[in-house]
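Chains A and B are the protein sequences, given in the same order. Convert by adding 43 to the 1-based position in the first sequence; the result is the number in my numbering. In terms of my numbering, the second sequence has 98 at position 117, counting the first letter as 1, and numbering is strictly consecutive.
Hints in this document: simulated from the structure, not taken from any laboratory. Beta carbons are placed, not taken as given, at the ideal position from N, Cα and C, and that holds for glycine.
One side only, chain A facing chain B, incomplete, derived with CB under 8 Å:
id : residue
1  : E239
2  : A240
3  : A243
4  : H255
5  : G258
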Amino acid sequence: MANITMSPADAAAVQGAPSVRVRSYWQNVGYRLRYDYLTLFFGAMVILIILSAIFAPLLAPMDPYQSSLINRLKPIGYKDFLLGTDELGRDILSRMLYGGRISLTMGIVPVLIATIVGGSLGIVAGFVGGRTNMIIMRTVDVFYAFPSILLAVAISGAMGGGIVNGMLSLTLVFIPPLCRVAETATSQVRNLDFVEAARATGARTLSIIRVHILGNVLGPILVYSSSMVSVSILLASGLSFLGLGVTPPEPDWGLMLNTLRQAIYINPVVCAIPGVAILITSICFNLVSDGLRSAMDVRL
Amino acid sequence: MSDTAKKTPLVRLEDLNVKFVTRESTVNAVNDVNLTLEAGEVLCIIGESGSGKSVSMRALMRLLPERRTRISGTIEVDGKDVLSLKGAELSDLRGGLVSMIFQEPMTALDPVFSVGHQIAETVRRHEGCSYDKGMERALELLELVKVPSAERRLKAFPHELSGGLRQRAMIAMALSCRPKLLLADEPTTALDATVQIQVLILLRKIQAEMGMGVIFVTHDLGVAAEIADRVAVMYAGRIVETGTVQEVLGNPKHPYTQGMLSSTVHGNMRGKDIEAIPGSPPDLRAMPPGCSFAPRCKYAEPACTAALPPEVVFEDGRMARCIKLTPSAAPEKELVPA
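Bound conformation, chain A alone (with noise of 0.2 Å):
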């Protein structure tokens, strides 16, 4: 490589530069979010409910299938029942450990799935365009024409019952939207001048779409995926409510939260509890995927 000598003008442009420490990309990331202390928070919520779920058999103080007739309905904190009981006389706090598995599960899997599955999909559909993108995109349309409950009572009604088939019904419910935000993510991304300087640098079609197009694209699809996960715990209870998704005596949110409404009026405070969790749960996913964003974006 020819080597050119600076001139005195460039020399000294180098010398008044001020000595910033240059960091890598993950020690920006770390070090943006160890002053972000509300993402800190959420995240240390996100990772204690996950804990707990999994660590429900140590934590929980009474078997949760356990029923007893005596004990119906008991207040918060009524013996040895720190949340109080349900309808059936089993310890809410117990099942609340217990119901976080299928929940967390019911919630995270099938929007991970789908988010790999709809934004292969809606990358493709926008980076190749033309007639391949109409059939693609009109598939998806298909689907949004459904409510999305109504779509995943129809294919799990079809498909049967149980945790399985209803995960199954919920991802392909989150198909369709993830794959039009990957599409249309893509779209605009695919005619920048950095897509055509790529190829222009000899980068062959599959390279800049892992790269190029992947790099720019994820964001977006990442943060509406995670914002999903607290509908599809949502919808996940909803199918349980139809006798779809998780059947009693299983432990789920959602199933709980039905099986308590007939109770408001008895023990409103108990009934809420279910749903305080959902709340919570969804609220803690929601403001760390904001957090991780802003953190992970290196354009702010």
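Position chain B against the provided structure of chain A, taking the given hints into account.
The following block gives chain B in isolation, referenced to the frame of chain A:
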């Protein structure tokens, strides 16, 4: 330069036609362009917007959308027939043998990767070296294009750099694999005047040291005068005049070149009206049969619109497409307004 380089030019365009085909119409963006470029030479293509400058450049690298574009003619770069290349060969050519600097440094760099990363990826792609090797090379390149405190800029993202630095980074990326041919598509248009001249001088210097052939597209005559060895003037997808930069800009033969020069703002023109070329370029979907400049030309006569004027080649290798010119060495006819 060796003898072989003299025999076969670095770039040879012969009867290049580029058409954009849509259901409604066909746009004749480039029509019968003939061009040669020797190694180590800087050719400037001048022309107004839509005259086919950028399209010819992109055709050279086959960057145009394949589905809607029809390219015919011959494109040869360094003896390779570009139009017959497929898949891997084509992407080896892009960025390896030929590379390109884009007009907008704001959008031509990927915003989510650091500048060094983008250069290193290109090096790795073409030379098959490790990423760290690529980064070392990126640092050298940034120093070559005189980015101040290059080491720090290596990890900078495009939005953290100024326009001039970004364009330098673009140039560094284009130079990363020592191309024999550099295509520059208005690389200085988006920069302000002081940075513009710095970038031009830098490009000229690097070009001379690396012995690259450069095709430089611009609509700025001042830029062309600064950087070019030879100039080709394009109008409505055709080359209407070529020659050395002194000849074409100092003594233009084609009425369009003359009109373009007289409509340029000079420093010493205070109080004088600028002479504009009346009218606008022809519709590229329906080209007039004769000289495409005839409707706007003040020297036009009926013969101009009858048939396409042939290329008139002068003794010194200059070419102009105008029926009023004769290829004799005799003092050329004085053009008189019709």
